[in-house]
Amino acid sequence: MNARLLPLLATLVIFLVAYAICYAQYPAMLSTRVIGNLLTDNAFLGIVAVGMTFVIISGGIDLSVGSVIAFSGVFIAVMLRDTGLHPVVVFALLLTLTTLFGAAMGGVIHFLEMPPFIVTLAGMFLARGMAYVLSIDSVPITHEFYEVLQRSYWLMPGKGRLTLIGGMMLIVFIAGIMLAHRTRFGTNVYAVGGGVQTARLMGVPVGRTTVGIYALSGFLAGLAGIVFSIYTSAGYSLATVGVELDAIAAVVIGGTLLTGGSGFVAGTLIGVLIMGLIQTYIIFDGTLSSWWTKILIGMLLFAFIVLQKGLVWTTGKRRMAGG
Amino acid sequence: MPQSDASQPLLRARGVRKIFPGTIALDGVDFSLQAGEVHALLGENGAGKSTLIKCLTGAYRRDDGDILLEGASIDPKGTLDAQAYGIGTVYQEVNLLPNLSVAENLSLGHQPTRFGMISGRRMNADAREVLAQYGLDIDVTRNLDSYSVAVQQVIAIARAVTLSGKVLILDEPTASLDSHEVKMLFDVVRSLKQRGLGIVFISHFLDQIFEISDRLTVLRNGQLVGTEVTAEIDRVKLINMMLGRELEQEVRSHGKHHAAAGEPRLSFTGFGRKGSIEPFDLSIHAGEVVGVAGLLGSGRTETAEVLFGVAQHDSGEARQDGTVLSLTNSRQAISAGFGFCPEDRKTDGVIADLTVRENIALALQAGIGWMRRIPDREQKAMANDYIRKLDIRTPDAEKPVGLLSGGNQQKVMLARWLVTNPSFLILDEPTRGIDVGAHAEIIRLIEELCAQGMSLLVISSELDELVAYSHRVIVVRDRQHVAELAGYEITTDNMVRAIAAPEREAVH
Amino acid sequence: MTGLKLFSRRILPQLVTLAVVVGLISIMFPGFFEISIANGRLYGSPIDILNRGAPVALLAIGMTLVIATGGIDLSVGAVMAICGAMAAWGITEGYGLGLTLLMALAAGLACGLWNGLLVAVLGIQPIVATLILMVAGRGIAQLITEGAILTFNHEGLIFFGSGSLFTIPTPIIIAIVTGALVTLIVRRSALGMLIEAIGINLRASTLAGVNTRVLLIAVYMASGLCAALAGVIAAADIRGADANNAGLWLELDAILAVVIGGTSLLGGRFSLIASLIGALIIQAVNTGILLSGFPPEFNLIIKAGIILIILVLQSPTIRTMVIFLSPAPVSQADTEKQAVNQ
Amino acid sequence: AQTVGFSQIGSESGWRAAETTLTLQQAKERGIDLKFADAQQKQENQIKALRSFIAQGVDAILIAPVVATGWDSVLEEAKEAEIPVILLDRMVDSSDDLYLTAVGSDLVHEGSVAGQWLVDELGGKDCNVVELQGTTGSSPAIDRKNGFEQAIEGHANIKLIRSQTGDFTRTKGKEVMESFLKAEDGGKNICALYAHNDDMAVGAIQAIKEAGLKPGEDILVVSIDAVPDIFQAMAAGEANATVELTPNMAGPAFDALAAYMKDGTMPPKFIQTESKLYTQADDPQAVYEQKKDLGY
Ligand SMILES: Nc1ncnc2c1ncn2[C@@H]1O[C@H](COP(=O)(O)OP(=O)(O)OP(=O)(O)O)[C@@H](O)[C@H]1O
Ligand SMILES: Nc1ncnc2c1ncn2[C@@H]1O[C@H](COP(=O)(O)OP(=O)(O)OP(=O)(O)O)[C@@H](O)[C@H]1O
Ligand SMILES: [Mg+2]
Ligand SMILES: [Mg+2]
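Chains A, B, C and D, in that order, give the protein sequences.
Using the numbering used here, the first residue of the first sequence is number 1, and each one after it goes up by one.
Using the numbering used here, the first residue of the second sequence is number 1001, and each one after it goes up by one.
Using the numbering used here, the first residue of the third sequence is number 2001, and each one after it goes up by one.
Using the numbering used here, the first residue of the fourth sequence is number 3001, and each one after it goes up by one.
Wrong hints could be hidden among the right ones.
[Said to hold, decoys possible] Below, computed lysine to any residue pairings styled on SDA-like, alpha-carbon distance capped at 20 Å: (1) D:LYS3209 x C:ASN2039; (2) D:LYS3042 x A:LEU257; (3) D:LYS3145 x C:PRO2295; (4) D:LYS3209 x C:PRO2295.
[Said to hold, decoys possible] Examples of chain A residues lying across from chain D (beta carbon under 7 Å, computed): (5) ALA92; (6) GLN150; (7) SER237; (8) LEU238; (9) ILE278; (10) GLN279; (11) THR280.
By construction, these hints were calculated from the structure, which means they are not laboratory data.
Every residue, glycine too, gets a C-beta built ideally from N, C-alpha and C.
Please work from the sequences and hints to get the whole structure.
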């Protein structure tokens, strides 16, 4: 087996074991309902995490995604309320907008040689600021097309629902995996993450790749915004605060290194599911106070990361690390 | 329209200038490369060879001058552009991506695709085929960083060759190769020459220059000294051109014939680490130089790393002057008076953004502890002392070391350990990428140090060099210490015989 | 070139930026520079900037060291909350001022130690390692306050938030003294260089014998300690520990301050003074927004815009262009930068 | 025993902590097994919690929705699963057959009670008011602003001169008030402060004192929530009025639920709690003593 796949495998094993433990405690956890919920409830997070995976593999970070999701929701809601446009047209407009927004951040990062952390932090302020300016109220979406979207799901045996948005997330993941491993763009992303200077000396079009990565992240954040608006049928400027951190955590739990250059889109899916599982478990338990909830999430996060490190460490051949 | 008659150079640089703050790296250099020739580029460390290459390929923006390809002016904006013009380059130091697989490194930018999707199977098959030409049979799906510098170097060369339609530029490609790989490389170069490619070849090994090149160009201090036909110039004259003076004495193999006597200063028994080096016995006396010879990947670097505690040994024990020594990490080794100049200076050696002064003071300071800072004046004196002694080419001690030329970085590494005044110094390929003048300098230094009573373990791929300064030579093969030569036994022939294992002969 | 000259050149961009921001505010709000003494304490907008900027400045001190090693500390906001809660709890439980402060600072050190161990010993990536405490820390703080705002009235503790010495508000003094002390320690000893070495090339530093593990733990502990000071100030300022909101998102401000101060997020060369000026710039922007009287919906947009402008002006590319265009002799061209590591 | 799921917004303020405490208390008194889920201020977490409650098959659900919109589909799921849902302290804009009832106060009304108090207190005197808003975009901030503005409308003597967000926190309340004071001639221009919650008012009171003015006299202070700390300030004469938002929403909710479970009695769709105005005339010290142990 390829040693590169080890972190991925470790993550998968941890996820399955964790699920088994949850199941032992609450048998209802294995119902199709919970599985359906896991996919539907985390759809927007999963989609945005795919984009984040590319960004992180390239050695960057995108803090703007949470705000972009919120902006997208408000944009859609306001457009549907104030103009007679069909949602599909609004979607197209929105995706263009967020893709350009991402590309612009990528451009600033590349051409002005500024750190992604800060550029996207400014992007985060800007996107949420724009959402406020569009509307500080939460705006409901009442278009009948949204009803159609919400009602399209596949009822699994056991009353669980595989919703449109849950399916959408899975499709995005498959597309992301193909993009990462089967295209030149994908290899270039890994190359940039391995070392910008070296990549440049090897002839990788670093500028184009960087802009492309953030554009992709912007596009997927927009898509996640659409999904979120379908999920809640509303646009709200205060929504999805801190989702960027959830996405980063999911990506990292999925085995991607924040230093760039190595990681898997598929791992991110497991990362998202692990995060969802933690939350579901806490809700099933239902006895934790607000603060113990936070502490437990932190501890579980810690446990997962340590376990994963341990698994990789013991199974894999260790390369000498010095000191 | 460029007509391709024989007099028309394939690649031509006219009046190229490149200025760095404090340094004029290139001062109006002319250079021309004919199709079907191997053109050597020579000069001391910091003469501007690498800079010229980078200007030619657009990796640096030149400050002045023209570049013509087949008579037409070109202006590559970067490696990608250069590749499009058919210029493939191996830059000094391996410039590949450690996090990608070998096959991906080889094919990056021109992966075989089907319907827009990369075909992994074909990519891997192609990679295996390409590497087979260099006698490398490795798992191409593994990450590049699981292979040694030497293997990486071969891969880098293979990549550049596949990319070069017209011109191939090799910046010190042989620095980390052994004679076997070098031979293989030269075969490839000759066949490319036959196909009409122009090849630029940079090396500090004069023997190789004389063997492979048709013409040569010498740079000194960023200026063109001259271009000669290789067959019409002799060694002494060439060195003269490079240094601008006579070299007092070039390294000649003479051998040390007096073996050190008495109790050894250090003795390692059954020392080893599973999966990297078989247990070995080794003892070193005060004032003794022990050379280590072996092929690529034979386990020389592993030997050094286990000794220095970089990789923890899992068997055996070490004794210093009779008392047991704990060597589980490099700090313990350092406090026992060890020093270690690693082979891969880019990742293990220099702290690129720190100044020359800070890099030199680092190990000493780390040993003293953070609280007692070495006063600036002392640091400066120390740095200037070694800048002079080792002839490090830098405008001053405050230049970030990453901006020095490769060979000069190597000297800074050496200086870092010399200031700690170690009793046992491990040098892994200390002369890699060092020019003839400095080469002689370093060998003299090794001799001087051992005369002062320092013990040295020197790993080198240059057997001549080992002969010159070693009291004993250990030969490593397949992660095992297989032979030890001492005194009159130390000859190149003997070493070659010990290195060449019977199995290996069968393979090739 | 003398050290002093180098130093002033290093912080010049930050100083100019600060001057421009302050200049803009004073145009918009002419009374800006009026300073008086009220209740035996300096009073005026510039004082507000210093006073309000003190917590972020303190965080930025620790954050600078952490970032210099190539790390990042996302937990400082949560650590502020923990230490604030600790202080409030200690004083309301009647432990006395000295012991209370000791407990609060010890809590900060403990948090730093935890982060440091995760990073240096377990080898977890800093952003994730500190993310754990960022999430859990607020829970711990709430555990101490039991979710409520723990109010206290102990004059001694309140002094750290709204008291003054020689008419200068205490937070300002604490920030300045801490900044000076840390600068002194780091630059008078070899710590500064060793930290930079770790940030630039961890492996090579280890091989050169630098005790990277201990140093890494130490910088995270320093960051924890700075966060503890900031937490005590924040709690003392409002005479209560607000576990949920104390220091909320301040980690981002602190990181921003460090970046505006010109320290690379990749680690390496750092300047504490520049980071402190960076913190002042951020607070000046915040105060400016409040003074401006714009509706709050625009706060974020204005802030984003100003940050972008500041960063663009400080970006290496723009600086190269300026140097290129100006007739002055080339000094620190940036072709240099790109060539490092080649 | 009954199992009831409770999806709480978070624990962002003392008031909400008190609501949580009281809900747990009420459930315990009635022998209800309460499943508590904290959403950390995120709607998506609340939706997840509701879905998990449904998957778990609880008997009823209480939810304090973080925002009004976006609940249709999850409420429908609950309805399909025949689980009654009761809203606490905030409303949703879904059709009212999707939930059993809503217990809460009218946020706009709270604002107007505060405004009306100011109008009455001033009795026609000129007055410049500064406002500390809640978190931009949150429904209490929007509604309490609207309510206040409605109440002072038509009273030309009252002018709202500055309005900034203080994020419902003490720290920001203090910081923003400081700059209000600087911007308005050291505070001489300001005659009253209206804060969307007591926490911000408490912070602002400190700022006013530090500026050398007397809160409650030089600058009138009116705010909303009626948490214990504001009564201390009122007792010290530093705050003038507060509008109570009772944290005991669960009591009426459980009562309605019990009646419904017993014989299907449909409660009214909105059970409004009282928005009581407290002033210095109400013996603030006594109220403080009475409230201080409620988990605020
Ligand atoms: N990016 C840079 N910034 C500043 N100075 C540089 C830079 N790159 C090279 N130099 C300087 O330019 C000069 C020429 O360097 P170059 O790397 O071309 O030497 P070289 O001939 O390749 O030497 P070597 O044989 O050691 O590789 C040296 O003095 C070096 O210090
Ligand atoms: N020709 C080769 N084919 C396959 N693997 C190789 C080859 N050369 C080296 N390797 C691998 O590279 C790894 C590291 O070798 P290492 O650098 O320790 O050897 P070395 O003796 O120090 O060589 P050198 O110092 O000359 O590079 C080993 O795991 C070895 O298997
Ligand atoms: Mg060179
Ligand atoms: Mg080696």
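Hints violated by the structure (numbers, ascending): 2, 4, 5, 9
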